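Assemble the whole structure, with the sequences as input and the hints as a guide.
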Amino acid sequence: MAKYGVSVLKFFILLFIFTISLFASEQSAEKRVYASILKALFPEKTIVKVWSDKSEKGALFSKLDGVRVVAQKKDADILMIFGPEDIENCDKMIFANGYLVFRRSKGKAIGGFYWQKGRANLTFIKKNLEKEGIRLPKSLEKYVEDVE
Amino acid sequence: MKQLNIIYSFFVVLLLFVLVYLYVRLGDFELQAKKNIESVIIKNTSYFIENVEKNIKQHVKSNLYKSLKSNPQLRKELETNMGMLITPSFKYIYVLYRDSAGKYRYLLDGSKEEKGLFDMKFDIDTQAWDSVYLSKEKKIVTQDDVSSIWITTLYPIVYDGEVQGVIALDFSTSLFQYISKVLSPLKDIFLYVFVATFSLLVVILYQMFLQLKTKRESITDPLTKAYNRVYLRDLVEKINLYNYDVAMLDLDHFKKVNDNFGHDMGDYVLVNFVKLLQKSIRSKDIIIRFGGEEFLLFLYKEKKKESQATEVMQRVLKTVSQYNFVYENSSLQITCSAGLVKEAFKYNSVQQVIKKADERLYSAKSRGRNRIVESDISACVDRLSLGAVKQALDEERLLCHFQPIFTLSTKKIAKYEALVRLRGEGEKLYYPNQFLDTIEGTNVYRDLTKNVLEIVFEKIAEHQIAMSMNLNLSDIIDNSIYEMLIKELEASKSLAQFLTIELLEYESLANDILLDRIVAIKSYGVKIALDDFGSGYSNFSIFENLPIDIIKIDGSLVKNIDNSKTSYIIVESIARLAKRLGLVVIAEFVHSKAVLDVLEELDVRCGQGFYLGKPDILMPTGQ
Numbered sequence: 001m002a003k004y005g006v007s008v009l010k011f012f013i014l015l016f017i018f019t020i021s022l023f024a025s026e027q028s029a030e031k032r033v034y035a036s037i038l039k040a041l042f043p044e045k046t047i048v049k050v051w052s053d054k055s056e057k058g059a060l061f062s063k064l065d066g067v068r069v070v071a072q073k074k075d076a077d078i079l080m081i082f083g084p085e086d087i088e089n090c091d092k093m094i095f096a097n098g099y100l101v102f103r104r105s106k107g108k109a110i111g112g113f114y115w116q117k118g119r120a121n122l123t124f125i126k127k128n129l130e131k132e133g134i135r136l137p138k139s140l141e142k143y144v145e146d147v148e
Numbered sequence: 001m002k003q004l005n006i007i008y009s010f011f012v013v014l015l016l017f018v019l020v021y022l023y024v025r026l027g028d029f030e031l032q033a034k035k036n037i038e039s040v041i042i043k044n045t046s047y048f049i050e051n052v053e054k055n056i057k058q059h060v061k062s063n064l065y066k067s068l069k070s071n072p073q074l075r076k077e078l079e080t081n082m083g084m085l086i087t088p089s090f091k092y093i094y095v096l097y098r099d100s101a102g103k104y105r106y107l108l109d110g111s112k113e114e115k116g117l118f119d120m121k122f123d124i125d126t127q128a129w130d131s132v133y134l135s136k137e138k139k140i141v142t143q144d145d146v147s148s149i150w151i152t153t154l155y156p157i158v159y160d161g162e163v164q165g166v167i168a169l170d171f172s173t174s175l176f177q178y179i180s181k182v183l184s185p186l187k188d189i190f191l192y193v194f195v196a197t198f199s200l201l202v203v204i205l206y207q208m209f210l211q212l213k214t215k216r217e218s219i220t221d222p223l224t225k226a227y228n229r230v231y232l233r234d235l236v237e238k239i240n241l242y243n244y245d246v247a248m249l250d251l252d253h254f255k256k257v258n259d260n261f262g263h264d265m266g267d268y269v270l271v272n273f274v275k276l277l278q279k280s281i282r283s284k285d286i287i288i289r290f291g292g293e294e295f296l297l298f299l300y301k302e303k304k305k306e307s308q309a310t311e312v313m314q315r316v317l318k319t320v321s322q323y324n325f326v327y328e329n330s331s332l333q334i335t336c337s338a339g340l341v342k343e344a345f346k347y348n349s350v351q352q353v354i355k356k357a358d359e360r361l362y363s364a365k366s367r368g369r370n371r372i373v374e375s376d377i378s379a380c381v382d383r384l385s386l387g388a389v390k391q392a393l394d395e396e397r398l399l400c401h402f403q404p405i406f407t408l409s410t411k412k413i414a415k416y417e418a419l420v421r422l423r424g425e426g427e428k429l430y431y432p433n434q435f436l437d438t439i440e441g442t443n444v445y446r447d448l449t450k451n452v453l454e455i456v457f458e459k460i461a462e463h464q465i466a467m468s469m470n471l472n473l474s475d476i477i478d479n480s481i482y483e484m485l486i487k488e489l490e491a492s493k494s495l496a497q498f499l500t501i502e503l504l505e506y507e508s509l510a511n512d513i514l515l516d517r518i519v520a521i522k523s524y525g526v527k528i529a530l531d532d533f534g535s536g537y538s539n540f541s542i543f544e545n546l547p548i549d550i551i552k553i554d555g556s557l558v559k560n561i562d563n564s565k566t567s568y569i570i571v572e573s574i575a576r577l578a579k580r581l582g583l584v585v586i587a588e589f590v591h592s593k594a595v596l597d598v599l600e601e602l603d604v605r606c607g608q609g610f611y612l613g614k615p616d617i618l619m620p621t622g623q
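In the order they appear, the protein sequences are chains A and B.
Per the working numbering, the first sequence starts with residue 1, numbered consecutively.
Per the working numbering, the second sequence starts with residue 1, numbered consecutively.
FYI, nobody ran anything at the bench for these hints, they're computed from the structure.
Since we're looking at a predicted model, the values are computed, not measured.
Just so it is clear, CB atoms sit at the ideal spot from N, CA and C, and this is done for glycine as well.
Certain hints may be false.
Claimed, not checked - Among chain A residues calculated to face chain B with C-beta under 8 Å, some are: (1) K117; (2) G118; (3) N121; (4) L122; (5) T123.
Okay, structure coming up:
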């Protein structure tokens, strides 16, 4: 009985530590990246209004300083797209999240953030940045790409 | 119990060492096992990557980027070949090149998931990749910052001495988990051993803690947290009196504190008194609550160093007298008195030392309190040390002077009183007040008493005349002296009837043991006299409790009997009382004819004094 108890306890402790550390490290990395992106795209704004098609991610954005999550696309400064959202007729600034979303929306999106092979990848699309008249700070210039 | 604790402690320490050793060994083993597995995997990896490089170089003879860019079909073919290496452990395999801006971009990607496109940027740890470009050597990178990857092997593709791409093989963490799984049973065994050992350790420690706690509680006074008499009992067994001076302390007028302020205040005073003591003494000194408001202090003394006991005690008295005890709006100042015994090693036992300290404490009380008494008599008296008395005994310089005691009606000598003397190294004589206090409670005192008894019996045998000698009542209580006395009486049975023992300091002692012993002594025919009766705390109940034969009226009453009405009445009363009780009366201090006349008028049976006969070394042979 004691042996069983110790094993179960050990399993749950390890699982808990592993999950928490994995989740915490990815989440904190994401938070840092998104905070940098929004600050770079809207340097003048004290409050950036964000709309997201993924409600769980809305919670992440709401934790960022100077960010307010809005329910309607029309109220947003930027749309954070995570899924197959129709963006063809949208006049709002779009940021793609996820590799497939980024590849699909590179004609409209100003940039994309995704995890590839376990590494965080960030890309800003040069022509869309110019279209929006955005000049990124020096620290993010290395992420600007001519994406066809 | 102490030995048991040492054994426990030994096992505890041993277990700790075993645990630490096991832990370190298993850690080493795990590390070594991982290293071995890593090296095997890396070796295999190198083999795979070399094959990939070989395959690429077979298809691309030069200028890797241009060749691949211009030939999508070749890329597809090469990626298919690379993809065949993908397993749950080999998660990703791809080839990157470094562009002119220093960014890394895909040339080929054999991965089945998250496939990168040709020329697409890939954000990786550029530092490690740059180093491969620079060194043109293979590199193993541990991916601490990449959650699903354990290690990445980087392998340069070199054309004409120039790195044109780097093959990367990512190992998934599943391999790492596999290694952990292999080691898991070992870890489990260690865990169970650890838990069992640790539990045992906890039980042992808890048991030791309980033992110590119980022991501590049993030897500690619950109110003051000072040691109690149980501790003293143990201490007596093991203490080395060469290392300690002993003081008995008592709070002055403490009863009044309880009476006037209540027992809560009394308790408060006791608790804080002990705290003050603790502040005033040194770490090696010991405080014991001896009784009510009496405390024993064992004051540490380093061998061959001057005792600091007096300074410590003075500090204690000063600290206590200056402290203001404040309790529930009441405040008071209190003093304490102390009896101090230095050179405690000269005494037979700790009990003797404590008794002496107690006597000196009462001496301090009687001298006005708030003081320390550390000797028995005034310093101006020329005293012999314990060693000097012992030497005098060894060198047979003990002698007795004999003072005659007359039957007043016949003017004949009824007996002699033996009075002890010591001859100094010259011809100087030392009297009892110069050495008895020093040797009291020691073996020397017993030896001296024995010698006196032998002299007395010798003189009795020689002259067939009655003799008396002095003993303290406490001497009868003392086992060693009593046993010696009985032994001497047994040896001189026929002479014992000529012996009278004059008891001193009898006012405070009367109990069953004493009564039994006096009866036993009297059974040899020895007579018992009360010396110095009528002074001090003479208690008439002594006649009820002890079988007395003779009363010796104290000299202070007798010497003024011819011109003090009070003395006259007291002596008359004592003489009448003695007559009614059937006791013989002896008047001491008969120093003149006038005194002798009055004693005869009062029908006092016997007399002793300078007028009748001085103590002398020679035995008188006639009247």
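Less than 8 Å between beta-carbons is the criterion; does A:K117 satisfy it with respect to chain B? At 5 Å from the nearest chain B Cβ, A:K117 passes the 8 Å test, so the hint holds.
A:N121 as chain B interface residue, shortest Cβ-Cβ below 8 Å: Holds: closest Cβ of chain B sits about 5 Å from A:N121, inside 8 Å.
Given A:G118 was flagged as interface, is its beta-carbon under 8 Å from a beta-carbon of chain B? With a minimum Cβ separation of about 4 Å from chain B (threshold 8 Å), the hint on A:G118 holds.
Under 8 Å, Cβ to Cβ, is where A:L122 needs to be relative to chain B, so tell me if that hint holds or is violated. With Cβ-Cβ at 7 Å, under 8 Å, it holds.
Proposed interface contact between A:T123 and chain B, which counts if any beta carbon pair is under 8 Å: Given a least distance of 6 Å, the restraint on A:T123 holds.
Of the numbered hints stated above, none is contradicted by the structure.
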